[in-house]
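Undergrad: Starting from the known structure of chain A, arrange chain B on it as the hints suggest.
Protein chains in written order, with the working numbering: chain A, 1 to 433; chain B, 1 to 307.
Treat the hints with caution; some may be incorrect.
[Said to hold, decoys possible] Here are the computed lysine-lysine pairs in the DSBU-like style, where the Cα-Cα straight-line distance is at most 35 Å:
#1 B:Lys132 with B:Lys286
#2 B:Lys239 with B:Lys186
#3 B:Lys195 with B:Lys239
#4 B:Lys132 with B:Lys186
#5 A:Lys301 with B:Lys132
#6 B:Lys183 with B:Lys171
#7 A:Lys301 with B:Lys239
#8 A:Lys301 with B:Lys195
#9 A:Lys301 with B:Lys286
#10 B:Lys132 with A:Lys397
#11 A:Lys301 with B:Lys221
#12 B:Lys67 with A:Lys293
#13 A:Lys301 with B:Lys67
#14 B:Lys67 with A:Lys397
#15 B:Lys221 with B:Lys132
#16 B:Lys221 with A:Lys397
#17 B:Lys286 with B:Lys186
#18 A:Lys293 with B:Lys221
#19 A:Lys293 with B:Lys132
#20 B:Lys221 with B:Lys239
#21 B:Lys171 with B:Lys186
#22 A:Lys293 with B:Lys286
[Said to hold, decoys possible] Partial list, computed: chain B residues near chain A (C-beta under 10 Å):
#23 Gly51
#24 Gln53
#25 Asp59
#26 Ser63
#27 Arg70
#28 Leu86
#29 Leu90
#30 Ser92
#31 Ala93
#32 Asp128
#33 Val224
#34 Pro250
#35 Tyr251
#36 Gly277
[Claimed, not checked] Residues of chain A placed beyond 10 Å of chain B at every Cβ, according to the derived structure:
#37 Val99
#38 Lys241
#39 Val243
#40 Pro250
By construction, these hints were calculated from the structure, which means they are not laboratory data. Remember, it's a predicted structure, so these values are computed and weren't measured experimentally. Idealized CB from N, CA, C, for every residue including glycine.
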Amino acid sequence: MKRGLWRGFVIGWFGVVMLWYAPARAEETPVERLERELGETKAAVRALEARQPTSQVKGQTSNPNLSFDGLFAAGASTVPDLETLETGAHDPNQRGFTVQNLELTIGGNVDPYFTAISHIVLQIDREGESTLEIEEAYLTSTALPANLQLRAGQFFTQFGRLNPTHPHTWAFVDQPLVNGRMFGGDGLRGPGVQLSYLIPLPIYAEAMVALQNSQGETASSFRNVPGEELYGRTLVERTVKGVDDLLVVPRLTASFNPGDTQTVLVGASGAFGPNGSGPSARTRIFGVDLYYKWRPLGTVKGWPFVAWQTEVMQRRYVNAAVEDDPNTLTVDETLPEELLRDRGGYSQVAWGFTPRWVAGLRGDYVAGRGGDLTDPSRERRVRVSPNLTFYPSEFSKWRLQYNRDHVQGREDIVHSVFLQWEFLIGTHGAHAF
Amino acid sequence: MRRILMIAVLMALSTPVAAAPLTIVTTTPDLAAIAREIGGSRVDVTSLATGPQDPHFVDPRPSFLVKLNRADLLIEGGLDLEVGWLPVLLESARNPRLRVGEPGRLDASRGIQVLGVPEGPVDRSLGDIHGKGNPHFLVDPMNGAIVAETIADRLCSLDPGGCVTYRAQAKAFRGRLEAALVKWMKVMAPYQGVKIVVYHDSWPYFTGRFGLHVVGFVEPKPGVPPPPSHVAELSDLIKREQVKVIVMEPYHERSMPDLLARQTGARVLVLAPTVGGAPGTDDYLKLFDMDVARLAEALGTGSGVTK
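One chain only, chain A, in its complex shape:
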């Protein structure tokens, strides 16, 4: 029995191999060739029927995917203090050159139950000093029942569309103003866990909730860094007494397709947690996001396309009262509790008009109510940024961007121009829609 199988297998493969050498034989007439090949094909198919499931792809040990991305910019501006205008820690931060982001990504399957990925970011700051940050490192479950998925480790909070993504995937040189205002220079992220649930509906709908630490500079609207000054308060040390003292981030997202060429993705997020202005002050951030993409079916390497992305956010930050400390002899400044309400948003469209070229336009708006609105981190700003990007391949890009920035506290409109370039080497997983 077994020998018969093997014989069939060998004959079958011989037939298959013969098939591929067939076109080289010039002496046969086409009809002779066809007859012979049909016979061989039948033998091959018979062998296939009998064969044990085998794969001809040789066994390969898959090492972790390893990639390195370099993102750089050159900037010019009508003002010398670009670092105060650009809110992102990975935005161009000075006239001249900026090393925006050097990202080492290592990812792979852990075991049958988890995958893991880490993004380690290197940077060279304005003074020329090299810095290192562990941007993300987390595992994702692959085998939980009931449509559940767990993410655990250090990760970008899934709030809105831009916050969970890395700078090299952005359609613009710099981060939107509203992201800087709500989440600081490095985005909202931290160690924690997130559970998500794919809702069993005919359309895509997913609910998720994350629980993360609420302190550190990557939680700038929350506990932040004790001792730092923010909105006229010295941030206090707060300890975690319960879940309430952590950052809680629920998100709901859904998608539908108005036809084969269009995709709409909508989302609503919240971020709730304590802030560092006082021992019991809290922050609440709400956001909605909308993403629309049009891409015809017969594209050339994905071109043409139109992608429109909009996010709107609102923050309620309770700035705690400061009272005179009766235990000290000095008379401290007393300040009343105030509610700082900040809102803002951006809307951006990227139009891939011809293969390898993308034209973009983004509008930014941020403003506040309550408290000191002359604080540069709360003043009203309106920014318009057109750009043009050339992608020599999927693994490199060159981008030219102009920012027209109207800052409430500055007399003149600020004009800035950036040239950005990127390279990507290694195996870098595809990005989510």
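TA: Okay, now just chain B, sitting in the frame of chain A:
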């Protein structure tokens, strides 16, 4: 073997007729068309990519995630064809049935004699090289027959009750494919060894089957758009080799092939690379009916090149 067949038959007889159809998701419409031929009414087949789409560049739309979440079987082309969009979907699909090595995951390239496996090291300076070989194997109808058998095998193990049906449908499909192949080979018989230029290296299985000789590519390297210098070289080559036809897929830029055609008198022929890639190619046999007829027509007419 016979005992297994007996058991299968018994199970087929004892299985209630109203069993829910097996939900199959395929990455490409070719795989969907073949799976439909084999599965018939016992399966519910959806393709993620649609006909005119380049299977390398498909948006990982969230709706695909829902389809993958519910699939009993995922059939992929393999050889890294879908590497740019399938892994990211599967990571969020929460469907353990579709993990590599599970019965719910089928790599259709299994059993195919793969062409174009690079010899020696490759890197991205050479363009988009498929390290595992050329994944466009379904443009050879005989590979379609092999994939049909592979799918029938897998359906038998997932749904033993339908095995007799699957085997019968696979056999019938193969019969029709072989009969049609005789017809196609006869149509192509006068053009054995005829030289053509193709846009991208996605036709070696097709040209191998039908005896055409590819002498040049519009792309200087896979996935790299042609610079003017390359077009000039190619123009000379087309004239020198008396090439009459430049074959391309619907998802490549027309401008360079059109320029070449104007310079040389060769004709640009857009062939459907997949089922649904052009009107009238709704199933796997019609795909070749269309492509073979159009190719023969293009090779048989045009400028005065003798054959």
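Undergrad: So, for every hint listed, does it hold in this structure?
TA: Taking the hints in turn, this is what the structure says about them:
1. B:Lys132 with B:Lys286: Holds - the C-alpha atoms of B:Lys286 and B:Lys132 are around 29 Å apart, at most 35 Å.
2. B:Lys239 with B:Lys186: holds, 28 Å
3. B:Lys195 with B:Lys239: holds, 11 Å
4. B:Lys132 with B:Lys186: Since the Cα atoms of B:Lys132 and B:Lys186 sit roughly 33 Å apart, the hinted pair holds (cutoff 35 Å).
5. A:Lys301 with B:Lys132: Judged against 35 Å, a Cα distance of about 20 Å means the pair holds.
6. B:Lys183 with B:Lys171: holds, 19 Å
7. A:Lys301 with B:Lys239: Roughly 29 Å separates the two Cα atoms, so the pair holds.
8. A:Lys301 with B:Lys195: The given pair, whose Cα atoms are some 27 Å apart, holds under the 35 Å limit.
9. A:Lys301 with B:Lys286: holds, 26 Å
10. B:Lys132 with A:Lys397: holds, 27 Å
11. A:Lys301 with B:Lys221: At roughly 15 Å apart (the allowed maximum being 35 Å), B:Lys221 and A:Lys301 satisfy the hint.
12. B:Lys67 with A:Lys293: holds, 20 Å
13. A:Lys301 with B:Lys67: holds, 24 Å
14. B:Lys67 with A:Lys397: holds, 33 Å
15. B:Lys221 with B:Lys132: holds, 17 Å
16. B:Lys221 with A:Lys397: Judged against 35 Å, a Cα distance of about 19 Å means the pair holds.
17. B:Lys286 with B:Lys186: holds, 16 Å
18. A:Lys293 with B:Lys221: Roughly 30 Å separates the two Cα atoms, so the pair holds.
19. A:Lys293 with B:Lys132: holds, 32 Å
20. B:Lys221 with B:Lys239: Distance ~21 Å between B:Lys221 and B:Lys239 Cα, so the pair holds.
21. B:Lys171 with B:Lys186: holds, 23 Å
22. A:Lys293 with B:Lys286: holds, 32 Å
23. Gly51: holds, 7 Å
24. Gln53: Interface hint status for B:Gln53: holds (5 Å vs cutoff 10 Å).
25. Asp59: holds, 6 Å
26. Ser63: holds, 5 Å
27. Arg70: This interface hint holds because 9 Å falls under the 10 Å limit.
28. Leu86: holds, 8 Å
29. Leu90: At 9 Å from the nearest chain A Cβ, B:Leu90 passes the 10 Å test, so the hint holds.
30. Ser92: Holds. Min distance 7 Å.
31. Ala93: Where the cut-off is 10 Å and the nearest Cβ of chain A is about 8 Å from B:Ala93, the hint holds.
32. Asp128: At about 8 Å, which falls below the 10 Å cut-off, the nearest Cβ of chain A leaves the hint on B:Asp128 intact, so it holds.
33. Val224: holds, 8 Å
34. Pro250: holds, 5 Å
35. Tyr251: holds, 5 Å
36. Gly277: holds, 9 Å
37. Val99: At roughly 23 Å from the nearest Cβ of chain B, A:Val99 sits farther out than 10 Å, so the non-interface label holds.
38. Lys241: A:Lys241 clear of chain B: closest Cβ-Cβ about 35 Å, beyond 10 Å.
39. Val243: For A:Val243, whose nearest Cβ neighbour in chain B is about 26 Å away, the distance exceeds 10 Å, so it holds.
40. Pro250: Non-interface label on A:Pro250 holds, nearest chain B Cβ at 18 Å vs cutoff 10 Å.
Of the numbered hints listed earlier, not one is contradicted by the structure.
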